[in-house]
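K.L.:
The chain contents come next:
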Amino acid sequence: MKFLYNIGLYFLMLKRMLRKPTKWRVMKELILKDTNDTVINSLGIISFVSFFIGGVITIQLALSTTGSFYPDYLVGYATRETIILEFAPTIISIIMAGKVGSFITSSIGSMRVTEQIDALEVMGINSINYLVFPKIIALMLYPFLISISMFLGILGGMAACVYGGYSTMSAFIDGIQTDFIPFHMTYAFIKTFIFAFILATVPSFHGYYMKGGALEVGKASTKSFIWTCVTIIIFNFLITQMLLG
Amino acid sequence: MIRVKNLSKSFNNKTIIKNISCQFERGKTSLIIGQTGSGKTVFLKCLLGLHDYEKGEILFDGVNFKTISEYEKMKLKSSIGTVFQGSALFDSMTIEENVMFPLKMFNNLPFDEMLDRVNFVLKRVELENSNKKMPSEASGGMQKRVAIARAIVNKPNYLFCDEPNSGLDPKTAIIIDNLIKEITEELNITTIINSHDMNSVMEIGEKIIFLKNGKLKWNGSNKEIFSTENKDVLDFVYSSNLYKKVRKTYLNQ
Ligand SMILES: Nc1ncnc2c1ncn2[C@@H]1O[C@H](COP(=O)(O)OP(=O)(O)OP(=O)(O)O)[C@@H](O)[C@H]1O
Ligand SMILES: [Mg+2]
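Those protein sequence lines, which keep their order, are chains A and B. Note that the working numbering gives residue 168 to position 168 of the first sequence, counting from 1, and the numbers run on in steps of one. Note that the working numbering gives residue 1216 to position 216 of the second sequence, counting from 1, and the numbers run on in steps of one.
Chain B on its own, in the form it takes in the complex:
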C-alpha cells in the first residue's frame, strides 16, 4: 500500500501538485486521470523519487524514501517496476537484454535461469520470438509491452505505469489494460496507472483519482464515476457525446 500525505511540489515557484493526500491499495489497479498538463506525470515522478517535493510525505508500506539509508533505498527501488510514458527502453540493447536488465542488476542468477524468466514474461505479454529485435524495430504497442515485461520481470511489489496505452489502437489498449490488471492480481502488487483514456477508466479503474490543475478533485471507483455529480469529473469524463449517452443508459438501468 502506498500512502500520500499532503504532497506539494513546485517548479520555479509555480506549484504543480497542490496538497494531495490519497492512498493506493495492494492488489488493485489505481488510476490517476486528468487533462494533459494536470500534473499526473509530475505526481508519479514524485512517488518514484525522481522529483524532490517540498511538502508532504510518501509512504511505501510505511516506509518513507527520504528517511532511509542509501542501501535500503536501493532495495526498495529494486522492488518497483516502472513503465514510462515513452517506454524508455534502452535503445542500445535488444528486447531480450532490455527485459533481462533488472535481473542482471539485482540478482546473481546464472544466465540460463535469467533467460527462462525473460522468456516467461515475454510470453506473458505475448511477445514470444521477438527476443533479438532492437526496440527501434518494434512497433509502439510492442515497445509498451516490452516496457511492461521489463517492469515485472523482477517480481516487483509496486508497479507504476505512465499512460501505458496512449497512442495505441483501442483493441491493443484494452489488451494492455487487462494485462496490467491481471498481473496486479496475480502478483498482488500495488499498481498505479496514469491515464486519460476513458476506456481504461471504465475497464480497470478499481480506484480512480481525478486531478485538475494539480489538485485532487474527486476519487472513487469506476462504478461511482457513473453516478457522481462532481462538476469537474462530469466535465472531463463526459466531454464526448458517446460517454454522455453511456452514462445516461447506465443511470437509467
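Here chain A stands alone, though its shape is the one from the complex:
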C-alpha cells in the first residue's frame, strides 16, 4: 500500500514540478550549479573507475579466451561490447546512484529538516521546481559522462591488453571495429537518458518527502540509494528486453 502511495506521490511531484516555474534568471544559476555538483564533480571518479575496470574486463576476457581456438581480435571485440552495452551505462549509473544520488538526497533532505523548503514555499516559490528541475536539466549532460566512460574503459582495456602482452595493439583495434552495430550505441544512450532522469528524480523524491531530523537524512540517503539502484536495474531489464530482445 505504502509502496503504491509513494509511486503516486512521485508522479505528483513530477506534475507539481512543472507548475509555476522559477524565474529564468534564477534557474540559469541553479542549473549551472547543479551541473557542477553532479556532472563535473563526477568526472574524476568516473574516469578512474572506467579506465581500471576496462583494464580488468580485458584481462579476464583475454585469460579465458587463450589458445588458438579463438581469433586474435576477439578480446577487443568482447571488451567493446561489454563496456558499451552494460558497463558504462549501467554499472557507472549504479556508482552515480551512490555518489550523486546520496548527494541529492542529503542536500534536499537537510533543507527539509532545517525548514529551508518551508522558507521557499512561504515566499511563494514552487520548491519542487526550484530544487528538482535544475537537477534534471543538469543530468541531461550525463550521456557526455558516459561517453567518456566508454572511451576510457576501452582505452584502459587496450592498455592492459597491449602492455600485459595478451595481444597486439592492431589486433585489439581490429576487434573494436569488428561487427560494429550502430544501434547498440543508440540503445546505450537511450538507457543513459532514462537512467539520468531516474538519478535526478528518485533521490530528489526521497530527500523532498523525508520527515524527521539529521539522523533521518542519513537514513533517507541509504534508502534513496537502494531505490535508485533497484529502479535502474528494473528499467535496464525492461529497456533491454524491448530494444534488443
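Hint data in this document are derived by calculation from the structure and do not stem from the laboratory.
Examples of chain A residues toward chain B, derived with CB under 10 Å:
{"hint": "1", "residue": "Thr22"}
{"hint": "2", "residue": "Val113"}
{"hint": "3", "residue": "Ile117"}
{"hint": "4", "residue": "Asp118"}
{"hint": "5", "residue": "Leu120"}
{"hint": "6", "residue": "Glu121"}
{"hint": "7", "residue": "Met123"}
{"hint": "8", "residue": "Gly124"}
All of these numbers come straight from a predicted model, not from anything done at the bench. Where is the CB? At the ideal position from N, CA and C, for every residue including glycine.
Knowing the structure of chain A, use the given hints to seat chain B with the ligands on it.
P.N.:
Here is chain B with the ligands on its own, set in the frame of chain A:
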C-alpha cells in the same frame, strides 16, 4: 489585519489547534505565547499556508488563501516575510545572497539596486560588513538577524516570527525584539511573533494571545497581563519567583 475564525487543525486524528478565533492588527506586534508543545508553531504554519487546516477561516485583509488563484496566492505570499524558529537560511548562499533572494525572485531590479537595498536592511539589523560570510560562519544571533533582514527586504505587509530570540542572550534578545517592533511601526505591517520569553512579552507585547494545549485561553496586552486573574496565565507567566515579585510590585503601585 489578519483575522482568524474558528481555526482547527489536527494531525493523525490528534487535534492540535482547537477552535481558535482572534485577530492581529496592522502596525502592532502581536505575540503568541504558550508552553512548549502548546501549538504555537503549528498555528503560525496554518496562517502561513504551510499546514492545511480542516476547519475555520484565515483572512489576510479580507482575503482567504484557499479561495484565490495560484497567481494571486503567489502575490500574497511575496508580501509575507517569515523568520523561522531555526532561521532557515539557505546554507549554500552567503549572507548577502540570502537577503537578496526574495528581491531576485520577485523583482526585476538591476543588481546594483538590489545590493543597495540589501546593504540598507543589513545595516538596519546591524550587520554591516558581513555580506560575504556563509550562514555557518555566523553566530546564532547573527543568523536570526540575517533571517529578519531577509524577511523584511521586500517590504512585506505581514511579518511572522517563530521564536526570533530563543537561544539568545537577554541583551541580544531585547535588541531583536525592539528591532522587530520598530520595523513593524516603520513599515506599518501586521506582525505576529511566537514566543515563550517573558522579557519579550513585557517589552513588546502590544497584543498577547495565550495558548494552552491548542486552545486560546486568554488575550490582552502586556499591561493587562499584570492584572489578570486568569489562572492559566498566572500559572504560565508567573511561574518564576522573579516575575511573581515583579507582578506584586506592579500591582502595588
Ligand atoms: N508535522 C506534525 N505532525 C504531527 N504532529 C505535529 C507536527 N508538528 C507538530 N506536531 C505536534 O503538535 C504539537 C504542537 O507543536 P508545536 O511545534 O506547535 O509546539 P510549539 O508551541 O511551537 O512548541 P515550542 O515552543 O517548543 O516551539 C506537539 O505536540 C507536536 O508533537
Ligand atoms: Mg515552536
